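*Asks:* One-letter residues, chain by chain:
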Amino acid sequence: DAGVIQSPRHEVTEMGQEVTLRCKPISGHNSLFWYRQTMMRGLELLIYFNNNVPIDDSGMPEDRFSAKMPNASFSTLKIQPSEPRDSAVYFCASSTGVGELFFGEGSRLTVL
Amino acid sequence: KQEVTQIPAALSVPEGENLVLNCSFTDSAIYNLQWFRQDPGKGLTSLLLIQSSQREQTSGRLNASLDKSSGRSTLYIAASQPGDSATYLCAVEGFSNQFYFGTGTSLTVIP
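From first to last, the protein sequence lines stand for chains A and B. Here this note's numbering is used: position 59 in the first sequence is 59, and no number is missing along the way. Here this note's numbering is used: position 46 in the second sequence is 1046, and no number is missing along the way.
Only chain B is shown next, with the shape it has when bound in the complex (with noise of 0.2 Å):
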């Protein structure tokens, strides 16, 4: 069965600071992965999605990257912001059409 991983499980920066945050899967078998934000009592919302034949994919100041062969992605985020705080999930999605979540990395940037 697919396992996700995130570490840290926790992050505190302070404002200005650029940052990476990983997500480890044991099943290189995926169609995509896809990056999460979720602010306390909200839902989850799409960052990025990487598809399987890609490496990389860019949204403003985010930049995730995907190597399959060794089961890791990294989110970038250039130039925190207070406003970035939150928690951040990644999810790899299986051949059976199945999402697979970490745990999350909760993300403070202090002002």
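Looking at chain A on its own, in the form it has when it is part of the complex (with noise of 0.2 Å):
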């Protein structure tokens, strides 16, 4: 299997411009969670989602940022409109439900 695919792994834009990031988990697993990794706060859980549906969304930081999972292959995380202090790097990953949690590349977001 390709792992966990993740894009664009780097981003560079402008605040106040709409960020999609894109994320792909690995074939068969039903739980896809989208967390943000800054030095000042660590790991941070933003959304997880399992068959496709979101549980927990109590770590998205504000209305600015939403997520998707159309389909089990397909998730995105899209934040409308960035700003400065969204710098980060965007980890997607995945598990069967109970097990193994599998990371992507990552996606880094400079919003300048």
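No wet-lab data here; the hints were simulated from the structure. Certain hints may be false.
Claimed, not checked - Partner residues are not named here, just some residues of chain B that face chain A (Cβ under 10 Å, in silico):
#, residue
1, Gln1051
2, Ala1091
3, Ser1096
Keep in mind that this is a model prediction, so the values were computed, not measured. Glycine included, every Cβ here is placed at the ideal spot set by N, Cα and C.
Since each chain sits alone in its own frame, please combine them into the complex, following the hints.
*Replies:* So this is what it looks like as structure tokens:
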């Protein structure tokens, strides 16, 4: 398997622009997680899905953030409008539900 | 809410030394515990997964133990090498299928 695939790997944008991050989980995994990592706050869970249904989005910072999982093989994390404080590395991870968690390489976002 | 702590935050050892990284958690009701490695600018790579019914797992020079009753896990690295330099994170999976991460231990192995 190719593992968890994220795109883009790097994104530089200006404040106020819309940002969309994409994730393809490992085939057969039914849980998908979005994390954000910064030096100051470490790894933070933003939202996770089970069988394409959002289970817990309490980590989503504010209404500017939204996530969707239209099918078992694709998820998006959208930030609109983006702000400089959103600059971070965003990770997608997937698992079988009770078991090993696998991470993508991350999307490094810089908002100027 | 589950809290995961890793001590020390940073560790520097000479090459060849055996070392132990610590992870503690507050709620023993877990499905499993997982150790990850993260290299700078990279994602997290899974090293070892210990199911709640297990006491330890081994992979090569790595050995991870789990003591649920005391809320502790250790990652033992034998004969450390400069290539082991990275940040090591532990995570516990609760019954709600949520993963709770520690803040990591940054390891430097000096040649």
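*Asks:* Under the criterion of a CB-CB separation shorter than 10 Å, is B/Ala1091 in contact with chain A as hinted?
*Replies:* Interface hint status for B/Ala1091: holds (7 Å vs cutoff 10 Å).
*Asks:* Using 10 Å as the Cβ threshold, decide whether B/Gln1051 counts as touching chain A.
*Replies:* The hint holds - B/Gln1051 has a Cβ within 10 Å of chain A, the shortest such distance being about 9 Å.
*Asks:* Against chain A, is B/Ser1096 within 10 Å by beta-carbon distance?
*Replies:* OK, holds: B/Ser1096 within 10 Å of chain A, min 8 Å.
Of the numbered hints given earlier, the model fails none.
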